[in-house]
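Enquirer: Here are the chains, one letter per residue:
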Amino acid sequence: MREFFRQARYVVAENPVTGVAFALFLVFVVVALFGPALAPHSPLASNTAEALHPPDAQHWFGTDQLGRDVFSRIVVATRLDLGIAAGAVALAFVFGTGMGLAAGFFGGWADRIIGRLTDTIMAFPLFVLAMGIVAAMGNTVTNIIYATAIINLPLYARLARAEANIRRDAGYVEAARLAGNSEIRIVVAHILPNIMPLMVVQASLTLGYAILNAAGLSFIGLGVRPPTAEWGIMVAEGASSIVSGEWWEALFPGLALMLAVFCFNLLGDGLRDVIDPRNRT
Amino acid sequence: MTSLLTVEDLSIEFRTRSGTVRAIEHAGFQVHPGETLAMVGESGSGKSVTCLAIMGILDAAGRVTSGRIAFRGRDLLHEREACLREIRGRDIAMIFQNPRTALNPIRTAGQQIADVLIQHAGLTPGAARQRAVEMLGQVRIPDPERRARAYPFELSGGMCQRVMIAMALSCQPALLIADEPTTGLDVTTQAVIMELIDEIARTERTATLLITHDLALASEHADRIAVMHAGHVVETAPTQELLVKPRHPYTQSLIAATPGPAAALADLAAIPGSLPDLRREDLPSCRYSERCGRHDKACDAPLSPRLLADNHSVACRHPL
Amino acid sequence: MWRVLIGRLSTAIPSIAGVIVVTFVLTRALPGDPAVYFAGPTATPQSVEEIRHQLGLDRRWPVQFAYYLDDLAHGDLGNSLSTGQPVLTEILTRLPASAELTLAGLLIAVLIAVPLGVLAAVRPGSWIDHVCRVVSTAGVSLPTFFTGLLLVYVFYFLLGWSPAPLGRLDIFYSAPPMHTGFYLIDSLIAGDLETFRATLSQLILPAFTLGIFALAPLARVTRAAMLAALGSEFVRTARASGLSRWRIVAVYAFRNAILPVVTTLGMVFSYLLGGNILVEKVFAWPGIGSYAIDALIASDYAPVQGFVLAMAALYVTLNLLIDMLYGVLDPRVGISA
Chain A
1 MREFFRQARY VVAENPVTGV AFALFLVFVV VALFGPALAP HSPLASNTAE
51 ALHPPDAQHW FGTDQLGRDV FSRIVVATRL DLGIAAGAVA LAFVFGTGMG
101 LAAGFFGGWA DRIIGRLTDT IMAFPLFVLA MGIVAAMGNT VTNIIYATAI
151 INLPLYARLA RAEANIRRDA GYVEAARLAG NSEIRIVVAH ILPNIMPLMV
201 VQASLTLGYA ILNAAGLSFI GLGVRPPTAE WGIMVAEGAS SIVSGEWWEA
251 LFPGLALMLA VFCFNLLGDG LRDVIDPRNR T
Chain B
1 MTSLLTVEDL SIEFRTRSGT VRAIEHAGFQ VHPGETLAMV GESGSGKSVT
51 CLAIMGILDA AGRVTSGRIA FRGRDLLHER EACLREIRGR DIAMIFQNPR
101 TALNPIRTAG QQIADVLIQH AGLTPGAARQ RAVEMLGQVR IPDPERRARA
151 YPFELSGGMC QRVMIAMALS CQPALLIADE PTTGLDVTTQ AVIMELIDEI
201 ARTERTATLL ITHDLALASE HADRIAVMHA GHVVETAPTQ ELLVKPRHPY
251 TQSLIAATPG PAAALADLAA IPGSLPDLRR EDLPSCRYSE RCGRHDKACD
301 APLSPRLLAD NHSVACRHPL
Chain C
1 MWRVLIGRLS TAIPSIAGVI VVTFVLTRAL PGDPAVYFAG PTATPQSVEE
51 IRHQLGLDRR WPVQFAYYLD DLAHGDLGNS LSTGQPVLTE ILTRLPASAE
101 LTLAGLLIAV LIAVPLGVLA AVRPGSWIDH VCRVVSTAGV SLPTFFTGLL
151 LVYVFYFLLG WSPAPLGRLD IFYSAPPMHT GFYLIDSLIA GDLETFRATL
201 SQLILPAFTL GIFALAPLAR VTRAAMLAAL GSEFVRTARA SGLSRWRIVA
251 VYAFRNAILP VVTTLGMVFS YLLGGNILVE KVFAWPGIGS YAIDALIASD
301 YAPVQGFVLA MAALYVTLNL LIDMLYGVLD PRVGISA
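Chains as they are written, first to last, in our numbering: chain A, 1 to 281; chain B, 1 to 320; chain C, 1 to 337.
Since the hints were made in silico from the structure, they are not lab data.
Here the structure is a predicted model, which means the values were calculated and not measured.
Keep in mind that a hint or two might mislead.
Just a few of them, taken from the derived set where beta-carbon distance is under 10 Å, the chain B residues facing chain C [claimed, not checked]: (1) M55; (2) L84; (3) P105; (4) Y151; (5) M167; (6) V244.
Interface residues of chain C toward chain A, partial, derived using beta-carbon atoms under 7 Å [stated by the list, open to error]: (7) F146; (8) L149; (9) L151; (10) G274; (11) V304; (12) A312.
To be clear about the criterion: a stretch of chain C counts as covered by chain A if any three or more of its residues have a C-beta under 8 Å from a C-beta of chain A, and this derived list gives those stretches [to be verified]: (13) 115-127; (14) 131-145; (15) 168-180; (16) 288-301.
Don't be surprised by glycine CBs; every beta carbon is placed ideally from N, CA and C.
Turn these sequences into a full structure, and let the hints guide you.
Expert: Here's what the structure looks like:
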């Protein structure tokens, strides 16, 4: 653990941007947790008299077409967007790692079936598949989480499989076998902890992608319905305004999106530099 | 005899994350026209770095901090890059270890030889291709027509090395630098490749700078041997004299550690210790002193090679 | 030669099979009543029953699957509720619009990313290297639909350089006579420079939006691949042989670096085809993406299914082509393998 922190300090010293990204990450988490309490106005309170006002002292990010405060909506939306992404990544992480471990460690028909499954998922352009899944299962936020989880599954499965494969015949695994441990116990107690750092790096790298995916789906009208505040749908609502010059309605949620994704990507890169410096770009 | 290549007082350092590595310090040797000089030493002693410096293709992190590399009188360290490019491949050529990875994997053997010919001999592509096939024949590759169209992955290690030799010798250079040319090849192929190098060097009167960690190989093919240790040239002498009467303790240990045909495993003497960490600020002037049994206070004074006899120089305060 | 081709084709078959099964499961085998989906929100219970029978949804699964396969074999992807037209026909009509957009986006991405990556690798530490690294990291963070809107705001609203984002052609112009379906090419064939220019001006912003999206991974891989190639042993041999700088960078390093870039194209296409949908919505582009979105909103189910199937088939084909391209470029896995 101490080694990890020493490495982490080294990486942050080398690359202060990672430190900034981490600080930003904390800000997002705080806003997600305490969102509604932090918003100055109610995100749902519409007031057509104040529709489409540019940013001012009262409404820092202006108001949208229905007179709602953009800033408050963005703050409140943080919880939803991050929640969707975190949920999707968590699901993909758990199931993907499990599948990959099974395929890589046990081989045989487990490998073949799981391989076929991941190949099939990857045969689709991922966003299209997500669209199809949500369209088929029903237009709800839960299904957005499931769909995003499914399309991220192969990433984790492949990584876990490759790593499990490498470690399958390692010395300590043989030793554990000889000591009488069952195969399952070996996987859980010996292989899993060893690959965990790599999988966590993968998770942070795909969090950003999951946010973009979810926002994209809601941009085209899937999942989130008005008047819910969510960054993607807010950009969609602001699309017609921005074309005629009222930029704030779409710009701020878009910036929030960009910032969040950028932050997670940088964090992922930083984590990767700490854990597996060989793979730096 | 005027020398073809004179390396004088060469020092090279590398900037790395963990400090500056003083890889080569005050190294000096000469290669005369037509002769074979072997540079022998452990891995990490700086043999390859010296060659890369001669060719002017050191890694970007490396810097030559002092010295002179005179080729036919001109100091290569102060030549323009355009001149150096002409010299490389045409006057001085180099072949490397691991021939299969040293060749372009997606270019045929014939094309790679032709590339050199087009660059230096000004041949047209057609003429170059033909000459490439001739060269392949010269390095005794069977069925050169067909092999010229082959990719490195289709050739054995030994054949890849022959292709590299063909590339290197295509413009009849005055000096061939061979960096561990047979390491990684099986013993039979080793012998055959070395024989080939010897023969071509003889007929074309090419001087050879042979880099190897194998003292036995050096003794069979070199006229003179220069022994390197931790970035220093510690002894230079004609081969027989070096083997029979080594003057530097390290050379003696190397000879003792080299298996002869009749030696038993128990007879091999390992050299105690290992190469010093070249990033240290406090490196002693004789880098062998910490491994040497004859070390005393006098060894800490600055050291430079002394000429003991006509052709025999050694860098030691207490030569044997 | 043919053997290799057939070998490659056969690797695509499991993918196509998987795609067909997945689309079948998505549309027929999920909990809920697919018949209601297909009949639409305005259907009477009677028409729902009709649809159910028509689609064979009252049969057992294996029979349904057989019907499904049979329909596919006949190119029957169902009919759109809103337009009443066969889905396949509508998709085929709109395909060239999407294809033109996607290819234009890819072209822009390649033309910018590859030189950027190469130059960044050849001059490490320079400003170009920094630009490349920023582009690679920041580029993947940009939401496509947002960049599109931003570009429209800047170039249409603020600067007035671009026309309104209202589709492929301004209403004053009519489409050129159909040869390829690509307006750019067709207008050139017809010698109609006015239409060519009009098409181009409508195409630039959406293509750029897509291109920016694909830029980041391409630049990153190109730079990494070039760095690896330039640091490789065979480049060291080339330098030791005194080959000219041009030959070393362009012939020795670049041709080797291209290989991992081609491999990445598959992933890039996945992004592009997905991003296509979003860009079509922002720019009102009449391609298959907006077709699917409109159908989704109208709860018109058959087009969505047909769209997913078509996109997947397209993607599998593209991957196959990329595979073959790689085989041509790399003699180690190519014809002689």
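Enquirer: How about V244 (chain B): closest beta carbon in chain C under 10 Å, or not?
Expert: At 35 Å from the nearest chain C Cβ, V244 (chain B) fails the 10 Å test, so the hint is violated.
Enquirer: Is the interface hint for F146 (chain C) satisfied, with its Cβ closer than 7 Å to some Cβ of chain A?
Expert: holds (4 Å)
Enquirer: Min Cβ distance, Y151 (chain B) to chain C: is it shorter than 10 Å?
Expert: holds (5 Å)
Enquirer: So, as I understand it, the hint says L151 (chain C) touches chain A; can you test that by seeing if any CB pair is closer than 7 Å?
Expert: Hint on L151 (chain C): violated, closest Cβ of chain A at ~11 Å, above 7 Å.
Enquirer: Report holds or violated for the interface hint on M167 (chain B), using the least CB-CB distance to chain C and a cut-off of 10 Å.
Expert: OK, holds: M167 (chain B) within 10 Å of chain C, min 6 Å.
Enquirer: Holds or violated: the stretch 168-180 of chain C covered by chain A, criterion of 3 or more residues with Cβ-Cβ distance under 8 Å?
Expert: It is violated, with 0 qualifying residues against the three required.
Enquirer: Return the status of the interface hint for V304 (chain C): holds when the least beta-carbon distance to chain A is below 7 Å, violated otherwise.
Expert: Holds: closest Cβ of chain A sits about 5 Å from V304 (chain C), inside 7 Å.
Enquirer: Any CB of chain A closer than 7 Å to the CB of G274 (chain C)?
Expert: holds (3 Å)
Enquirer: Answer holds if the nearest beta-carbon of chain A is closer than 7 Å to that of A312 (chain C); otherwise answer violated.
Expert: holds (5 Å)
Enquirer: Counting residues of the stretch 288-301 of chain C that have a beta-carbon nearer than 8 Å to any beta-carbon of chain A, does the count reach 3?
Expert: Per the Cβ count (5), the hint holds.
Enquirer: Taking the least C-beta to C-beta distance, is P105 (chain B) closer than 10 Å to chain C?
Expert: Hint holds; P105 (chain B) Cβ to chain C Cβ min 7 Å, cut 10 Å.
Enquirer: Would the hint on M55 (chain B) be counted as holding, given a Cβ-Cβ threshold of 10 Å to chain C?
Expert: holds (5 Å)
Hint compliance for this structure: hints 6, 9, 13 and 15 are not met, and every other hint is.
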